[in-house]
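Using my numbering, you'd call the opening residue of the sequence shown number 102 and step up by one each time.
One should not assume that every hint holds.
Stated by the list, open to error - Think about it this way: if two alpha-carbon atoms lie no more than 25 Å apart in a straight line, the pair counts; the simulated BS3-like pairs of lysine-lysine are:
#1 LYS223 to LYS192
#2 LYS610 to LYS585
#3 LYS600 to LYS610
#4 LYS579 to LYS642
#5 LYS222 to LYS295
#6 LYS222 to LYS340
#7 LYS340 to LYS295
#8 LYS642 to LYS600
#9 LYS642 to LYS610
#10 LYS295 to LYS223
#11 LYS610 to LYS579
#12 LYS192 to LYS222
#13 LYS431 to LYS600
In short, the hints are calculated from the structure, not lab data.
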Amino acid sequence: MSGGEKKIKLESALFAGFIVTLFLSFILISVFSSGKDTLYSAYVEDESKNLQWRQLNIMASDLGESTPRYLDLGYNVANTMSTPMLVNDWKEPHRTMLLIVAPEKPITITEADAVYDFVTKKGGKVIVASNNTNAQIVADKFGVQYKDAFGGVLDGENFYSVRNLSNGEISENKDQQNIWALASVQKEVQEKNKGCTAEQSAQYDDGINTCVMPVMFDMPTAIQVLTSGEGESDDQTSKNYVERNVHILASASPSAFLDNAGDRNIDNAANEILGQEQTGLIIRIDYPNQEVIDMPELGTYDEIDVTGSIVFVAGQSAFANYLWDSEEAKSTGRESFCLHLGEDPRPCWTSQIMSGPDEWQGNSAYFETLIFDMMEFDNQELSNVITSHPDQFNIVFDESRHSSSPLVEPFSETVSTIVLLTSDVWLKWLILLNMIALLAISVMVVPDKENWRHVFDLTRFRERPKKVLPEEHQQRIKEALMSKVRLFHDLTRDEMTMKTPAEVQSMIKDPRLVELAFSRNRTYTPDELRELMRTIRRWGK
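Could you build all of it, start to finish, from the sequences and the hints given here?
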């Protein structure tokens with residue numbers, strides 16, 4: 102076997118290996134994603150009832166239709182299917198909120214870095230909701246810890262009962278995972294006795310600073326602020342000092358504990374009893390005084406101060422259809438009041454709110470207010486043309502953290518991988534070097550051309566080029582003359598053909614060449630033809 106054939110086989114093997122790898126990747130991704138239901142998606146609307154309750158389509162619809170202040174105007178709602186790493190490339194990041202709800206896939210360090218920069222450097226807004234450690238890498242960037250427990254957090258005081266719709270019975274102690282909390286919006290409130298509605302809290306007075314709203318959770322975990330953010334310092338004299346405000350907006354009761362063993366027994370040593378500031382359910386961290394470019398007045402752009410904000414929620418169920426909307430909640434046995442009132446002495450949110458509305462209106466009332474407050478609607482430096490139009494603010498659902506259909510998943514993973522690889526400087530260089538290496542391999546596997554040599558073999562007349570007969574020399578010289586005349590006068594073949602003999606003679610002018618061109622009876626000797634060839638070469642110069 103020759104070396105050229107070996108190289109051709111190597112090239113074919115490399116190409117076949119690439120095709121097989123691509124095919125196997127597609128098959129494996131499809132296999133691993135098959136059989137998994139898509140949950141907590143903003144765009145799934147036709148699942149069975151049990152699955153549809155755990156979607157976010159009602160939330161997406163409500164946010165796109167209205168806001169607490171502008172009831173007939175909603176946000177611009179979108180989604181990202183590839184990766185949240187693209188947040189810093191979005192237009193107007195300080196007017197954009199990223200919603201990461203129920204991440205089924207762990208968030209990578211690179212993605213977490215992008216989210217951190219989005220909040221702390223671009224003034225972006227983020228809500229992260231999870232009841233497991235898939236969101237922990239993002240939380241680490243901000244000094245927050247998600248507790249990890251098999252049975253989640255159980256609260257023996259602040260839990261609500263659920264009615265069994267088939268027999269009308271009210272479940273009791275087993276509902277300790279169904280936790281309710283009174284949540285503030287802007288900052289931590291000690292005296293949680295003033296209630297409000299979403300519309301009231303969105304007015305221009307300061308009522309939002311002190312009012313609270315009831316929020317329901319289903320099997321949440323607990324979150325806790327441990328330290329400052331990654332690379333941040335609380336010391337104002339340090340070069341790493343970063344101004345930020347941390348507020349625990351909602352917490353479970355002091356009797357809450359982590360059900361690590363899954364036996365719902367507070368006396369089990371394996372179950373962790375949480376201490377003070379360890380029972381957080383909603384934590385808000387603000388990074389004020391960030392300078393961005395926007396429109397302080399109509400038609401002008403300048404630097405304005407904005408606030409980057411991130412909110413950590415201890416359970417994704419708080420955003421699901423069956424807790425977001427009060428009507429959906431009723432279809433799952435949940436009411437706007439405490440079902441245990443009159444039957445159980447444990448507290449209820451209605452007994453703690455002394456003034457203002459005390460009914461639970463669905464979690465939408467609270468989270469719509471929270472989202473509205475996190476946005477820049479009350480930023481006095483921002484033009485009223487923007488703040489009076491909610492569609493100038495963006496809500497982006499991160500759909501990349503959910504399982505997709507077997508056909509969509511390979512393409513989503515491919516786009517995510519491309520974005521990941523091209524978002525890191527070192528990975529960019531690695532890809533470039535790999536491409537150069539592959540190009541070098543492809544060059545090496547191209548077979549070399551055979552050596553060429555001319556063989557002078559006087560015995561093989563049949564392979565010699567065809568000779569011009571002597572009687573054809575005069576005609577060939579005549580054709581060469583006419584071609585040179587045509588090209589000299591910049592004529593096409595058709596234009597030359599249309600010329601009359603007199604016009605052609607005037608173009609040639611030289612009598613000897615005119616005779617060559619038009620004489621039919623004159624026969625030239627070889628010496629005369631050689632002299633005419635020299636004359637033709639000199640003609641036109």
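Hint numbers not upheld by this structure, sorted from lowest to highest:
The structure conflicts with hints 5, 7, 10, 13, although it agrees with all the remaining ones.
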